[in-house]
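Peer 1: Residue numbers 1 to 337, in the working numbering, belong to the letters of the sequence shown in order.
Since the hints were made in silico from the structure, they are not lab data.
Quick reminder that beta carbons are idealized off the backbone N, C-alpha and C, glycines included.
There could be a bad hint or two in this list.
[Said to hold, decoys possible] Pairwise CB distance ranges (calculated): (1) D103 x A223: 44 to 50 Å; (2) G228 x G59: 18 to 24 Å; (3) G312 x V61: 20 to 26 Å.
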Amino acid sequence: MASIACVPPVPAPGDGGATALRDRARGALLGLAVGDALGAPAENMKPSEIRARWGRITGYVAEQPAGTDDTEYAIFSGLLLARHGSALTVAHVEAAWHQWIADRDEGPFRGAGFSERGTLENLRRGLAAPISAQHRHAWSDGLAMRAAPFGVFAAGRPAEAARLVAIDGSVSHDGEGIYGGQAVAAGVAAAMAGAPTIAVVASALAVVPDDSWTARSLRRAVACAHRGERAVRSAVVIGGYPWTDLAPEAVALAFGAYAAADGDFEEAVLTAVNMGRDADTTAAVAGALAGATRGTAAIPPAWASAIGPAKGSCLPSMQGHHVLDVADLLTPPEESQ
Numbered sequence: 001m002a003s004i005a006c007v008p009p010v011p012a013p014g015d016g017g018a019t020a021l022r023d024r025a026r027g028a029l030l031g032l033a034v035g036d037a038l039g040a041p042a043e044n045m046k047p048s049e050i051r052a053r054w055g056r057i058t059g060y061v062a063e064q065p066a067g068t069d070d071t072e073y074a075i076f077s078g079l080l081l082a083r084h085g086s087a088l089t090v091a092h093v094e095a096a097w098h099q100w101i102a103d104r105d106e107g108p109f110r111g112a113g114f115s116e117r118g119t120l121e122n123l124r125r126g127l128a129a130p131i132s133a134q135h136r137h138a139w140s141d142g143l144a145m146r147a148a149p150f151g152v153f154a155a156g157r158p159a160e161a162a163r164l165v166a167i168d169g170s171v172s173h174d175g176e177g178i179y180g181g182q183a184v185a186a187g188v189a190a191a192m193a194g195a196p197t198i199a200v201v202a203s204a205l206a207v208v209p210d211d212s213w214t215a216r217s218l219r220r221a222v223a224c225a226h227r228g229e230r231a232v233r234s235a236v237v238i239g240g241y242p243w244t245d246l247a248p249e250a251v252a253l254a255f256g257a258y259a260a261a262d263g264d265f266e267e268a269v270l271t272a273v274n275m276g277r278d279a280d281t282t283a284a285v286a287g288a289l290a291g292a293t294r295g296t297a298a299i300p301p302a303w304a305s306a307i308g309p310a311k312g313s314c315l316p317s318m319q320g321h322h323v324l325d326v327a328d329l330l331t332p333p334e335e336s337q
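Produce the complete structure using the sequences and hints provided.
Peer 2: Okay, structure coming up:
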């Protein structure tokens, strides 16, 4: 990759027409769901454990591949954004968490990370944002996993994508957790406008503090991406640390995979999957970036066809919603272009 000091500008979002924009939107969210489903079986595993069980993962290894909390929370945030657009407020987000998640009595809360559980406990205790985000995993990748819809909506406007995702994240995350979501949203926004890989990475770095853990990890991952997935993993993973949902780590692994593949969808997602750790999230983010870059045609048909409406396994209120429908809601109709 070229030096980030020589970054071309992000193109205007409408240059390819509404049809191209919608295809990128569909590519981003379908790519997220595909990456999630591909990575889910390898979640929390080491590369050596992945190799011992499957060799190198080159496709779905689950009998019935499906998205996890990454897909369902992305649908949740996408529907909320489609309803309010740029007028989204913290009050809107908090109300949606109550209406669609916290205030429902539907048995145990399944399949989500610690940050979501901590947020729900706080909301159910009557705490409001941003206090609801004061739990032990506010730095998690739980916002990053649902950030792609903001980049889809704000195509070509990375700063606006970062602003909106920070509003969404204020209910559940703080600090590095917010920065991780902002990096993903901004990167997707740049990719939606057809920006080259280096500009996508630069757009992500531009919206987070330069001395943040997220920025440092992202720079390290991208700098060594040309050396392959082992180098990327070694550059950012904290050896011996038990939790794999660190936003600075997961986001850096995802961007490292995307950069190593130079935006190629299949290579980016499989690189993320085979690095293990929080593989469903890293592959979902890499898939969103590459899907926005290359559109739906870049996603292997056998992978795309396995993605159906959400099962509601984590968020029952999201059952029946499809990521492609959410993508369409977030992009303007052709006649408005």
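Peer 1: Hint by hint, work out which the structure violates, then give me just those numbers in ascending order.
Peer 2: Of the numbered hints given earlier, the structure breaks none, since each of them holds.
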